[in-house]
Amino acid sequence: MTETMILIPGRSSKQGTSLNKGKLKEEYIDVTSILEMNMDDMTRLKLKDGDEVRISNEIGSAVVRCKGRKPDDLPSGVLFIAYGPPSSELMDGDTAGSGMPLSKHMQVKIEKVAA
Amino acid sequence: MAENTRIVKNATCTFCGCVCDDMELTVDLDKKVITKAKNACVLGRAWFAEHQIDDRPVAMIDGKEAPLEEAIEEAAQVLVNAKFPITYGLSDTTCEAQKQAVAISDIIRGTIDTTTSVCHGPSGLAFQDIGESTSTLGEVKNRADLVIYWGGNPAESHPRHFRYSVTPKGMFIPNGKKDRTVVMIDVRKTPSAPVADILIQVKPGKDFELLWALRALVKGRKVDPQIQVMTGVPLETMTDLVERMKNCRFGVLFFGMGLTMTRGRHFNSGALLALATDLNEFTHFVAKPVRGHGNVTGADNVVSWQTGYPFGVNFSRGFPRFNPGEFTTVDTLTRGDADAALIIASDPASNFPKAAIEHLKKIPVISLDTKETSTSKLSHVAFATSTYGINTAGTVYRMDDVPIPLRPAFESPYPGDEEILFAIKKRVHELILSKCGATGATGEARVASKLML
Amino acid sequence: MASTLRFVNGRVYDPANNIDGEVRDICIKNGKVVDSLPDDTPSIDASGMVIMPGGVDIHSHIAGPKVNLARKLQPEDHRHDPHPGTNFTRSGSGGTVPSTFATGYRYATLGYTTVMEAAVTPIGALHTVEELHDTPVIDKGFYLLLGNNIYLQTLLKEGRHDEFKQAVGWWINKTKAYTAKLVNPGGDEPWKGKRNSNVTDIDEKSDLLNISPRDVIEAFVKTVNELGLPHPPHIHCNNLGHSGNYKTTLETMKTAGDLRMHLAHIQFHSYGGEPGKNPDSKAVEIAEYVNTHPNITCDVGQVMFGKSTIMTADAPLAYLLRGFKKGKWVNADAECESGCGILPFSYQEHVFTHALQWAIGLELFLLSEDPWRIMLSTDHPNGGSFMSYPKLIRLLMDKEFRKEEIGKVNQKAIAKTNLPSLDREYTLNEIAIISRAAPARALNLKHKGQLGPGADADITIYDDQEDKEMMFNAPRYVIKSGEMVIEDHEFRNDYYGKILHSAPEFDEEISEDIRPFFEKYYSIEFENYGVADHYLHEHEIIPRVSS
Ligand code: SF4
Ligand SMILES: [Zn+2]
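Chains as they are written, first to last, in my numbering: chain X, 1 to 115; chain B, 1 to 453; chain Z, 1 to 547.
Hints in this document: simulated from the structure, not taken from any laboratory. Be aware that one or more of the hints could be misleading.
Unchecked claim - As a list, the in silico SDA-like pairs of lysine to any residue whose alpha-carbon atoms are at most 20 Å apart:
id: 1; chain 1: B; residue 1: Lys189; chain 2: X; residue 2: Ile6
id: 2; chain 1: B; residue 1: Lys206; chain 2: B; residue 2: Asp179
id: 3; chain 1: Z; residue 1: Lys412; chain 2: Z; residue 2: Val284
id: 4; chain 1: X; residue 1: Lys46; chain 2: X; residue 2: Gly77
id: 5; chain 1: B; residue 1: Lys206; chain 2: B; residue 2: Phe267
id: 6; chain 1: B; residue 1: Lys203; chain 2: X; residue 2: Thr4
id: 7; chain 1: B; residue 1: Lys377; chain 2: X; residue 2: Gly22
id: 8; chain 1: B; residue 1: Lys36; chain 2: B; residue 2: Val58
id: 9; chain 1: Z; residue 1: Lys174; chain 2: Z; residue 2: Ser511
id: 10; chain 1: B; residue 1: Lys206; chain 2: X; residue 2: His105
id: 11; chain 1: Z; residue 1: Lys520; chain 2: B; residue 2: Asp145
id: 12; chain 1: B; residue 1: Lys9; chain 2: Z; residue 2: Glu525
id: 13; chain 1: Z; residue 1: Lys416; chain 2: Z; residue 2: Ser243
id: 14; chain 1: X; residue 1: Lys21; chain 2: B; residue 2: Ser374
id: 15; chain 1: X; residue 1: Lys21; chain 2: B; residue 2: Arg56
id: 16; chain 1: B; residue 1: Lys38; chain 2: Z; residue 2: Thr86
id: 17; chain 1: Z; residue 1: Lys325; chain 2: B; residue 2: Arg215
id: 18; chain 1: B; residue 1: Lys426; chain 2: Z; residue 2: Thr86
id: 19; chain 1: B; residue 1: Lys206; chain 2: B; residue 2: Gln228
id: 20; chain 1: B; residue 1: Lys354; chain 2: X; residue 2: Gly68
id: 21; chain 1: Z; residue 1: Lys307; chain 2: Z; residue 2: Glu251
id: 22; chain 1: B; residue 1: Lys377; chain 2: B; residue 2: Val58
id: 23; chain 1: Z; residue 1: Lys446; chain 2: Z; residue 2: Phe324
id: 24; chain 1: B; residue 1: Lys31; chain 2: X; residue 2: Asn20
id: 25; chain 1: Z; residue 1: Lys498; chain 2: Z; residue 2: Glu540
id: 26; chain 1: Z; residue 1: Lys326; chain 2: B; residue 2: Ala216
id: 27; chain 1: B; residue 1: Lys219; chain 2: Z; residue 2: Phe324
id: 28; chain 1: Z; residue 1: Lys222; chain 2: Z; residue 2: Glu251
id: 29; chain 1: X; residue 1: Lys21; chain 2: B; residue 2: Val58
id: 30; chain 1: Z; residue 1: Lys498; chain 2: Z; residue 2: Glu525
id: 31; chain 1: B; residue 1: Lys361; chain 2: X; residue 2: Ile6
id: 32; chain 1: Z; residue 1: Lys520; chain 2: B; residue 2: Asp22
id: 33; chain 1: B; residue 1: Lys377; chain 2: B; residue 2: Gly63
id: 34; chain 1: Z; residue 1: Lys520; chain 2: B; residue 2: Thr167
id: 35; chain 1: B; residue 1: Lys203; chain 2: B; residue 2: Arg215
id: 36; chain 1: Z; residue 1: Lys194; chain 2: B; residue 2: Asp179
id: 37; chain 1: B; residue 1: Lys9; chain 2: Z; residue 2: Phe526
id: 38; chain 1: Z; residue 1: Lys403; chain 2: Z; residue 2: Ser421
Being a predicted model, the structure only gives us computed values, none of them experimental.
Using the sequences provided together with the hints, build the complete structure.
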């Protein structure tokens, strides 16, 4: 089952602390591959914490693991991920003359990766 | 406590734009580690604890250890022989190093851009259109009775930002937080939410619409209640917020990349700055982008005073030209224009759009970084440098443009960014002069001098 | 670079040494002017040329936080005016707020070698010093904004006058400043704390501190004189720009008694009329007061038509001006110390107020009986860029040209002034006074603004031309500290000028009194505040003067 959702990459504490250790270290790579998702959405898509999902758009795709957030905290249809290599994969290089790639609010397709 | 211990008071954490200068560092001088960073937040503690002396060659060419002089020569040759060399990064180094980087770009007629272009660059553009009513953080501490955060999550990105804006007692805020109303506006309930008295959740990508409706309400115009459908925010919530904004004594709007990186970009920042400006008809109101990296504000300042423009500056005609979208780094890479890159204290290879990274892999890259990164790994010439604020002295600017001198904790065997960039600058200048056949005492005397070049 | 130089047969204007157009040689050795040099020293023929000391600008805004905000604000102002680099000078951009390199080089191309930045917050002093380091050729210093400093005002309220003096001494030392600057004293607190209001009367007491602007002015005049700072308090009066403000200006000057006081950009403070209504000229009244009070010096702050940038610590004024066009505007509050407002501006010949301001400035120059005390400035970039000085000089020296220019502007405004009846033409000697000798004297820069033996070899040599604008636009030679920076109108060398500052004596104990206040109300650490010695590089401490 695929759905279209909005992906919002951002900073997190863990991303920040692991960044200091080094971006090539396992911890950073780990932190930046966890996708936060509305719990109701997860139930609907038959996903549980730790399941691998593929997020993709016309630019590229990445495989990440999902983690549930209460509907109060993260609205349905919105995904959060800490900045890192997976979010880069999906980012369009066109800045519309601003210098800034659209780095938040990206439309992505999300689908479960068969185990 | 270890034998050879040193305490550094009033040291500065340069991890984020808060640039907290009240650190008390305990340094084990034998092991060259900071064992304790009093007053630091979780990010600051990691910053101090993790910047130890790595065992890396000071310079590498194509992944192989090389003598420093050879690497400087190679870097200089690459830069002067390129047709469209770009310089990028600079937000995690001192102003002193930033000055050298601008000088290099000026001499080689290259392009210089900083990480501003991919963080608050849109706010910089909005600033050029609207201006900004703003203040230093101390004035927020002393006076702000209404504190609004929009599109930011300071609890995780700038954990001690609240010490300036929410918690402290100030001259006219005798009871600290009790005397302030804190509002958070965001698309999701972030870990910063518990600080807020009022939480407003806006639909993703609808910040501009919400800001514009607030401006209309401030000006006394009617707004269709249907606005809720579009923005997710009920009209009553907006009216209530507008009343609070007009009636406070000193209001502040802090805004984060939730505005600049999303749909609307500089229009969002501009709408917010205009809202703060409008409110000055009723009361004193200021706004402030919450800047990310430790010295990104210094980079904006240095590039501005040396060239007139804050980022995205090109020297190919022998004088500075500014054009975001043309001279900003994501664009010069994605379009494939850049044919050499000097990257300072930044890691575009890990956080740029895919197409830009692909191009970076094809051109000779010269990188300066304290740690191994994806960028240093793909570099033709990679320098390992010491860490500013921990090993290297210099100046940084806090997000509110307040300059702060650094007090390094211990010496590093690695050179600082300024030292390497100075050496590259000297060499590229010599090469350029001999290339264009400049002769006479003047030109040569210049190279060795302490003057502007 | 040759360490000796001799110019022969030039006409020398060195008013400080009573030399008024005499043909004589100027000899330079090791960066100084000397009496004579051995006969075999190579010399440069300066016949047909005019030799003056390098220009000294007593009031300009060239570096620091507010200047940089104004730079960032206006890409459109830089774009049309690039400043290319050379093999040995840096590039930059121009406009009304040029980049630091362009600022230094352009001042040099007008023959200016010393410039004072007129308004710096203490918390922004370090930023200012960093920019001044990147401002080539000229020597430079800055005035420190202390007139709205909350700690200092608290001392005044408590009647602790000795501590006040020590604290002023502490601040000047701590930041490496030149003297104290007051801008709209008492106006910050209502601006920041009382919904953007302002003080309107020099005797109005603030609710918070129960002191009036006059109390503040009086305290600074006394203290700065006692501390022996080389330049008196540099004052931007209350009510700048408002109709009827000349009364405030006169009252401000009276507050000095017979102590030294400098009034900044006095043109902006010489208006008659009712508040809120159209102004008229009170240049006669103001000039009369200055003429008869030798303790007062001032600079004019001439308005020049065209693009300008308003940048001022007088935040309420900037907001008021913003109200006309509702264009882009910057407000920048500095904690416990100052306000600041910035906006792009343009003076236009047909606008009544602008034409009146222009005419009042010229009246003040022409009514001045003592050129040693009414000096040349445009309050760059507020009244216009320093690049318009040559045109201003022509307006003063050439009455036919002035008449033509008067004919081009709003005649209703001219009718409110005495300008058409003023026939005076400035002589070259008087120009040398208002643009170098007088400012150097008002700043107590004994080695500048003059060409006697021992003076700094900061020298400008012009081709003598009928059109004074042309002449002052492009000196043939500019020598900075003995180095030939410009030769035959072209840059031959770069030069790195020094920072000029004061270091008055004060009682160190005061810092223990400031510290608790600072720790409570500032947002950086006390130890990290100010400008540490190692930031200075080339610098010179200007010695104490006794009044
Ligand atoms: S808030 Fe920022 S600057 Fe302050 S300690 Fe934490 S990471 Fe460092
Ligand atoms: Zn001024």
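Comparing the hints with the structure gives:
1. B/Lys189 x X/Ile6: At roughly 16 Å apart (the allowed maximum being 20 Å), isoleucine 6 of chain X and lysine 189 of chain B satisfy the hint.
2. B/Lys206 x B/Asp179: Judged against 20 Å, a Cα distance of about 31 Å means the pair is violated.
3. Z/Lys412 x Z/Val284: Judged against 20 Å, a Cα distance of about 18 Å means the pair holds.
4. X/Lys46 x X/Gly77: holds, 15 Å
5. B/Lys206 x B/Phe267: It holds: about 12 Å lies between the C-alpha atoms, which stays within 20 Å.
6. B/Lys203 x X/Thr4: Given that 20 Å is the threshold and the Cα spacing comes to 16 Å, the pair holds.
7. B/Lys377 x X/Gly22: Holds. Lysine 377 of chain B to glycine 22 of chain X sits at ~13 Å (cutoff 20 Å).
8. B/Lys36 x B/Val58: Outside the cut-off at roughly 27 Å; violated.
9. Z/Lys174 x Z/Ser511: Between lysine 174 of chain Z and serine 511 of chain Z the Cα gap is close to 10 Å, so the pair holds against 20 Å.
10. B/Lys206 x X/His105: holds, 10 Å
11. Z/Lys520 x B/Asp145: holds, 17 Å
12. B/Lys9 x Z/Glu525: holds, 10 Å
13. Z/Lys416 x Z/Ser243: holds, 13 Å
14. X/Lys21 x B/Ser374: holds, 14 Å
15. X/Lys21 x B/Arg56: holds, 15 Å
16. B/Lys38 x Z/Thr86: violated, 49 Å
17. Z/Lys325 x B/Arg215: holds, 19 Å
18. B/Lys426 x Z/Thr86: holds, 16 Å
19. B/Lys206 x B/Gln228: holds, 11 Å
20. B/Lys354 x X/Gly68: violated, 28 Å
21. Z/Lys307 x Z/Glu251: This hinted pair is violated, its Cα atoms lying about 32 Å apart.
22. B/Lys377 x B/Val58: Cα-Cα ~14 Å, so holds.
23. Z/Lys446 x Z/Phe324: Violated, at about 44 Å.
24. B/Lys31 x X/Asn20: Satisfied, since the Cα-Cα distance of roughly 19 Å is no more than 20 Å.
25. Z/Lys498 x Z/Glu540: Given that 20 Å is the threshold and the Cα spacing comes to 7 Å, the pair holds.
26. Z/Lys326 x B/Ala216: holds, 16 Å
27. B/Lys219 x Z/Phe324: Answer holds: lysine 219 of chain B to phenylalanine 324 of chain Z is near 18 Å, not above 20 Å.
28. Z/Lys222 x Z/Glu251: holds, 16 Å
29. X/Lys21 x B/Val58: OK: lysine 21 of chain X and valine 58 of chain B at ~19 Å, within 20 Å.
30. Z/Lys498 x Z/Glu525: Measuring from Cα to Cα gives roughly 28 Å; hence the hint is violated.
31. B/Lys361 x X/Ile6: The hint is violated at about 30 Å.
32. Z/Lys520 x B/Asp22: Answer holds: lysine 520 of chain Z to aspartate 22 of chain B is near 14 Å, not above 20 Å.
33. B/Lys377 x B/Gly63: Holds, because 7 Å separates the two Cα atoms, which is no more than 20 Å.
34. Z/Lys520 x B/Thr167: This hinted pair holds, its Cα atoms lying about 13 Å apart.
35. B/Lys203 x B/Arg215: With Cα atoms ~18 Å apart, lysine 203 of chain B and arginine 215 of chain B stay inside 20 Å; holds.
36. Z/Lys194 x B/Asp179: Holds - the C-alpha atoms of aspartate 179 of chain B and lysine 194 of chain Z are around 17 Å apart, at most 20 Å.
37. B/Lys9 x Z/Phe526: Holds, at about 11 Å.
38. Z/Lys403 x Z/Ser421: With a Cα-Cα distance of about 10 Å, the restraint between lysine 403 of chain Z and serine 421 of chain Z holds, given a limit of 20 Å.
Violated hints for the displayed structure, listed by number in ascending order: 2, 8, 16, 20, 21, 23, 30 and 31.
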